[in-house]
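Chains as they are written, first to last, in the working numbering: chain A, 741 to 1016; chain B, 123 to 406.
Hints in this document: simulated from the structure, not taken from any laboratory.
It cannot be assumed that every hint is accurate.
Stated by the list, open to error - Over the 12 angstroms line for every Cβ pair with chain B, so calculated as not near, a few chain A residues:
hint, residue
1, GLY772
2, ASP789
3, ASN857
4, GLY863
5, ASP918
6, LEU938
7, THR1000
Claimed, not checked - Covered by chain A, per the in silico footprint, the following chain B stretches (three or more residues, Cβ under 8 angstroms):
hint, region
8, 317 to 323
9, 337 to 347
10, 382 to 393
In this text, a Cβ means the ideal position worked out from N, Cα and C, and glycines have one as well.
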Amino acid sequence: MNATLTADIARLRRTNPQIFSAPLHERLRTWGLWLGFLAVLAFGLWWIDASPMRIANGLNKLGLLVTLMIPPWPGDGLWDYIYAMFETLAMAFLGTLIAFVVALPLGFLGAKNIVPNWLFHFGLRRFFDAFRGIDGLVWALIFVSAVGLGPFAGVLAIAVGDVMVFGKLFAEAIENVDNKPVDGVRASGGDNIHVVRLGVFPQVFPVMMSHVLYFFESNVRSATILGIVGAGGIGLQLSDRIRINNWQEAAFIILMILVTVAIIDAISRRIRARLI
Amino acid sequence: MLSFDERYRQQQFTRRNWTLLYGALFLAALIGSVAVSDFSIPGLIKGLPMAWNYIAGTMPRLTFENFWADVTDWYWGLRFWLRLLVETILMGFVGTVLGGVIALALSFPASRNLVENTGIYFAARRTLEFFRTVPELVFALIFVFAFGLGPFAGVLAIAVHTAGALGKLFAEVNENVDPRPIEGVRASGGNWPMIMRLGVVPQALPNYASYLLLRFEINVRGASALGLVGAGGIGQDLYVAIRQFEYTDISAIMLLLILTTSVIDISCEAIRHRLIGHTLTQVA
Chain A
741 MNATLTADIA
751 RLRRTNPQIF
761 SAPLHERLRT
771 WGLWLGFLAV
781 LAFGLWWIDA
791 SPMRIANGLN
801 KLGLLVTLMI
811 PPWPGDGLWD
821 YIYAMFETLA
831 MAFLGTLIAF
841 VVALPLGFLG
851 AKNIVPNWLF
861 HFGLRRFFDA
871 FRGIDGLVWA
881 LIFVSAVGLG
891 PFAGVLAIAV
901 GDVMVFGKLF
911 AEAIENVDNK
921 PVDGVRASGG
931 DNIHVVRLGV
941 FPQVFPVMMS
951 HVLYFFESNV
961 RSATILGIVG
971 AGGIGLQLSD
981 RIRINNWQEA
991 AFIILMILVT
1001 VAIIDAISRR
1011 IRARLI
Chain B
123 MLSFDERYRQ
133 QQFTRRNWTL
143 LYGALFLAAL
153 IGSVAVSDFS
163 IPGLIKGLPM
173 AWNYIAGTMP
183 RLTFENFWAD
193 VTDWYWGLRF
203 WLRLLVETIL
213 MGFVGTVLGG
223 VIALALSFPA
233 SRNLVENTGI
243 YFAARRTLEF
253 FRTVPELVFA
263 LIFVFAFGLG
273 PFAGVLAIAV
283 HTAGALGKLF
293 AEVNENVDPR
303 PIEGVRASGG
313 NWPMIMRLGV
323 VPQALPNYAS
333 YLLLRFEINV
343 RGASALGLVG
353 AGGIGQDLYV
363 AIRQFEYTDI
373 SAIMLLLILT
383 TSVIDISCEA
393 IRHRLIGHTL
403 TQVA
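Just chain B, same shape as in the assembly (with noise of 0.2 angstroms):
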């Protein structure tokens, strides 16, 4: 009975240093951070309402008397920005497609469970992830600089970045594939590209069109930021809306890119639903 008050109290302590070391640890980051990014309670109380005053001045005067003058009148460049939130999807969905490419060819080299060469994995798998760390803008300032500023070099930093973060979910799906049907194909006589096409695509293929429909989500939603380094899509009038305090704009062009993002979330949802739905009752 003693030694189990003994342990007890002992438990006890143990956890109230590690609890106290780790309170410690986040204070020292909190006051750093407070210190290094000139972070101040002053500062936050006369920036919220100077934030506040900015979001508020967007908004468009909208009257009851001639609602829809008013909402031609803040919407007054309507055409326009369809044609550039048309190139934002499109910048989207072309990037994600050859992202997808390149994420599916570097994705069999890089599952642990389909090479047997640990130099051709390992070199698969840093490639990725060197696709992945680097910012999607990081390399759209440098397409910019290289292939000239448009759409262009944004799809093509949209597919480098898509293919590294794709890549790595896909080999992660391709190393839970049942092995039997690799097993199958191999003593079927198949060499290694037939046993990648019919042991391991069809049972990863409803997986793979999953996530590049996520993905097909977040690249529309990045698409609109890359116009502010001048790779073309909706970004590049926001920015200058921004920049020249052109305030309704801005809440036009933002409630514009809302809905359209919304619209995209809710229909690849429902996709994503049906096709693993689909598979479900395919297995079962």
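Looking at chain A on its own, in the form it has when it is part of the complex (with noise of 0.2 angstroms):
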């Protein structure tokens, strides 16, 4: 029995080689792979010195900074951060009301079957992916230059941000649209204006709040820290803690940050569910 098992199996390596061990330049593709991601691996952690001693010292300061923490209380801040989370709340409410009210026209425009000009729908698609490698923080760095500290700020670098993602994300979810309903609406009569209203929009609509409500939870996250350069809301009073020492207050704002999202989160998804 073992006999011919052994015999099979060497049988079998004879015939089939390439199950039992790849090919020679594949293994070598896969060492060398290998080999560059460790290398490369390595040459960060040298950069960025990350040597053992450092290491145990700042987990030694971290371990003081955690007892610090504990326990969180706000202090005499209370209404002060309850204050900041509205205005944090706020500015994403708003900075995601203004992307959604101008990325509508730009996703209709960028769509391959509304506007059929090669040149133009690339020309707006690259334009949507090349300020989407801006971080809202910089935008919002940038606009506090521009109209000054507070969360006017904010809005308008969440705005900023978020149009060029919308653009793109509504500008697919047209060209995804079930063409049946279109045909029908010309067929009847109607012209582009009917085709858009009655033909695209009820179908795209509901793609489009999901997508707009996913993007309010994620602002309502980067709002939270646009305060750090100033732009409003809870991250300036976080940064401002955190800045003087005052780790308890830090700590029971960072708290505050965790129950907010969730709790919008836990909104956001029973709308979300409802929509589609």
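Take the two lone chains, each set in its own frame, and fit them into one complex as the hints suggest.
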């Protein structure tokens, strides 16, 4: 029994060698990729100066910070924090809303089946893509310089960052519509406006709403930190507390952020489930 | 027939009421937001040209006659910026790898189908949630305090946040694997780590890799912002440029950033398509 099995395996090895070991060039490529990966990783660790000494010292200090954070306590700034939290939510809400309003026409313009001009379509898409590369915080910094400190800069930063992504997502949603209702509207004599309003819009609206809600959630998260560069909201309070080493209050604010984000996520999940 | 009309009217009525309710809630939220964030249409009308002027001001003066001289003038700090850019990409890379390792370790106990102990499952899930929900920049602020200024703190912040985000996605991948290989390994006497290594990982690996690449793109973008709190990378210089109103530097650095992230996005997308295409042919 065992002998036949060994013989079988030997025969199979002879006839199909590629099952038992990959060809040399493939093995070389795999090893090369791993080697390259490890080399870059090692170089990166060297670059950021990740010595065990430093890690140990840092962890010690981090442990100390955690003990300083306990128990989280709002001090006498509770109402300020709650107001700042509302400011954060308001920034996320307005920013998302403005981005939606601006991106709606852009999405239609960027969709292949609405504007069939290849060059225009390609250019607009690249434009959307390019600006996605800039983080929201950088926009916030720029708008703080341009329009001054405060939540208004934060609203603009969120709106500008989102318009680009919305434009792309909306355009994709519009390109994926079912053509039958569109043909139907056209066949019953509708003009272009009718086609968009009655054939396309009802199909894409739920998709858009779902994107918008999802972005609202993510904007609440990013709005919590925009204050660090002076764009209003809870982040300003948080970075202040950290700067003056008031770790109990900082921990309290972090907990507040966690609770608020959880609540917003739950509400938005419920609305999304209803919409789709 | 009459009951049909009645039902139709009733449905119309409840639907209209729901729409009205949502509309009212939306309006309340809108008014509240406008009040709290001191947003106003005059402010917008006044602010937008200011923002536009600012952006227009950052544009370099390029003339056709001596184009190259103007460009070299614009990119006077190219050598320095490229160094910072490399640092930013390295931060994203190392952070993604470290975070990915932690995420992988935590994703197995966080998968419903792989652990029997509810306590472990619950603890792993909550840990991931904490890592994910605390903003990266907050971790960066704390780590800068603990580990000192520089890219090291930034990498740690990225790693922790990545661990949370990827851990959840990895756990979802684990929960969707085919249970038969798992049973096979268990039936041939494999212990828990062996089941994970031989039953789960081979199935989930292409999806892990795809998510890792996606996260790498996001992290390079995030790393460029971490410099604003002193955690290394190109953000540090961008911050200085914006604060000191060195207008043309701002556009030069932003253009570099846009180019870099575009290149990384496009190459990662190509690799992702190859990875997923590869598995598809394997399945077929």
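Comparing the hints with the structure gives:
no., hint, result
1, GLY772, "holds (15 angstroms)"
2, ASP789, "violated (6 angstroms)"
3, ASN857, "holds (23 angstroms)"
4, GLY863, "holds (14 angstroms)"
5, ASP918, "holds (24 angstroms)"
6, LEU938, "holds (19 angstroms)"
7, THR1000, "violated (10 angstroms)"
8, 317 to 323, "violated (count 0)"
9, 337 to 347, "holds (count 4)"
10, 382 to 393, "holds (count 4)"
In this structure, the hints that do not hold are numbers 2, 7, 8, in rising order.
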